Amino acid sequence: MAIGLTWNIDDADHMTQGEIYGEVLTRLGSENPKIVALTADLAGSTKIGAFQKKHADRFFNFGIMETNMMGWASGLAESGLIPVVSTFAAFAALRCAEHVRTDICYNKRNVKIIATHSGTSFGPAGTTHHCTEDLAVMRAIAGMTVIVPADAFETAKATAAVIAHDGPCYVRIGRSFEPPLWKNLDFDWEIGKAIQLREGTDCTVIACGPSVLEACDASDRAKARGLAVRVLDMHTIKPLDKDAVVRALMDTRRIITAEDHNVLGGLGSAVAEVIAESGKGCVLRRLGMQDRFSPHGSPEDLQHMHKIDADGIEETIAEVMKTDFEADEDWEDEV
Amino acid sequence: MDADRLKSTLYLRCALPLAKVLRTEHPQVFDKLYYKMNAVVQFCVKGDDELGTRLVFYDGALDVEFGVNRRDATLVFEFATHEGLNGFFAGKMGGAYLPKITPLYRLDIVLRVLPLLLELKILDPNNIPKTPYWQGLKVKMVLYMITAALSQLNKSGHEDMRHWTQMQPERVYQWTVENGGPAAYLRVKAGKTKSGRGSYTRRRPFVHMIFPDIPGAFMVLTNQAPLVEAVSKGFVRTEGAMEYSKDIGTFMQTIETMLR
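If you're matching them up, the sequences are chains A and B in order. Numbering (our numbering) for the first sequence: 1 to 335. Numbering (our numbering) for the second sequence: 1 to 260.
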């Protein structure tokens with residue numbers, strides 16, 4: 001996973017998640033001539049434009065024709081190239097859903113969709129530009145790998161990983177003002193393998209995207225109150241790291257999911273499916289948009305409103321710790 | 001809380017119930033002794049109608065119940081005071097420590113129950129068995145007694161223990177002897193406690209004290225190896241929240257001091 005990257009926390013201070021993504025893609029493009037980049041009039045916003053400057057002959061701007069772009073990406077993949085498509089998540093996942101499904105996934109085409117401005121990260125642009133359904137849509141398409149990096153460093157790792165991965169991938173990143181979780185690239189990251197960032201047996205918070213950092217903050221606050229809260233960075237929504245979920249279930253019996261997404265169909269649903277199939281009892285709370293659209297506002301305010309910031313997660317930890325479950329309330333000593 | 005009553009609680013609810021373990025462990029002795037025996041043997045203190053333990057024999061099998069019901073007991077061991085009961089279970093001799101046994105005509109039951117009570121002397125801290133079998137049995141019984149005593153300390157309202165348990169969400173403190181040895185646990189949740197035997201499987205222990213084998217566990221649980229030495233020699237290791245294992249150690253010492 002080395003890919004010759006040398007960023008550290010200082011770079012993350014002046015390079016956004018999208019910029020690092022653009023930079024990584026450009027470098028990978030230098031190493032691999034099969035990589036081609038596609039966008040729909042959003043080269044600047046999605047930062048894929050960095051690729052254009054270096055590899056103009058392998059860069060295609062389709063104008064405001066996202067669905068057409070997906071069809072082209074499928075064709076380019078069929079010819080042996082590795083198309084990397086970047087546009088806003090609302091367009092990539094919702095407007096292009098049929099084309100991603102039928103042109104790309106049904107044909108098992110090796111296309112990489114790097115969707116930016118996901119969740120409520122483009123909060124001030126309003127609800128039409130939010131994307132809080134993409135994980136549900138993409139997760140439901142057969143053969144699609146779905147990844148939500150927690151910060152710029154994970155985005156760098158994810159970009160390299162999906163290029164190396166054979167098959168369609170959907171990588172969901174933010175608008176690029178997300179604070180860094182990691183200090184450098186010196187950590188293991190693998191598609192489908194959750195990362196345990198905090199140890200704990202009282203409760204587990206499973207988070208993805210910017211919610212991971214918030215979950216870590218909430219865990220640290222809870223620790224000061226004597227609680228040991230495990231945090232899992234579930235960067236891959238599909239294939240989900242079921243073993244990590246079951247371990248968390250068996251070890252802590254109280255699970256909170258946090259995602260900048262509708263609670264229906266995304267990370268929370270994926271975790272709930274694993275828990276339900278395990279046959280084990282558990283207290284589960286899914287944080288995110290509670291089956292509603294988000295109003296416009298700054299991402300920080302919206303995260304607070306939807307309780308996916310450290311305050312909301314901390315409050316939910318306190319709530320689930322008080323929750324009883326099953327008929328496990330026999331307090332007579334065994335004799 | 002009255003210190004003597006608390007001590008009686010530990011004897012009646014933590015030590016005496018272990019007679020059931022002995023009954024099960026030694027079928028070669030007790031199957032014959034209790035063949036088809038049906039009787040209820042009540043242990044209690046005069047004037048205390050709440051604190052009591054009943055050994056219930058049904059067709060030779062033994063069960064243990066808590067509570068006092070002198071009327072339906074086949075045999076009643078009633079101590080004049082809690083101090084007297086404590087002295088009796090500590091092995092002290094003398095009239096002040098002997099219970100009143102009624103009805104006296106059931107001497108046959110007395111004679112059949114006494115061997116079981118005498119085997120409980122294995123819990124005496126000064127009783128250091130020499131054979132591996134008895135050492136293993138002592139380890140098992142001490143683990144069961146420790147966890148029960150910690151829970152009863154809480155249930156009896158011991159101030160420090162109450163404060164400690166009330167501050168905690170649901171947690172499990174587990175003691176395990178590896179390689180098929182005995183295990184016991186203490187569940188804690190917001191002021192409530194439950195002691196149990198075996199491994200708690202519904203969640204991972206918050207603190208897990210692990211003994212690699214019976215000899216190591218025996219050295220630690222009979223205080224033949226001080227804790228620091230025991231850790232350095234690998235007789236015991238702890239996984240989980242160390243600061244809470246220290247708290248547990250303090251409460252175990254409190255119990256030990258009480259029963260000495």
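Rather than coming from a laboratory, the hints here were simulated on the basis of the structure. All of these numbers come straight from a predicted model, not from anything done at the bench. One or more of the hints may lead you astray.
[Unchecked claim] Only some residues are given here: those of chain A computed to face chain B with a beta carbon under 8 angstroms:
#1 T26
#2 F91
#3 L94
#4 E98
#5 D202
#6 G226
#7 L227
#8 A228
#9 V246
#10 E332
Beta carbons are placed, not taken as given, at the ideal position from N, Cα and C, and that holds for glycine.
Of all the hints given earlier, name the ones this structure violates by number, lowest first. The structure breaks hints 1, 2, 3, 4 and 9; every other hint is satisfied.
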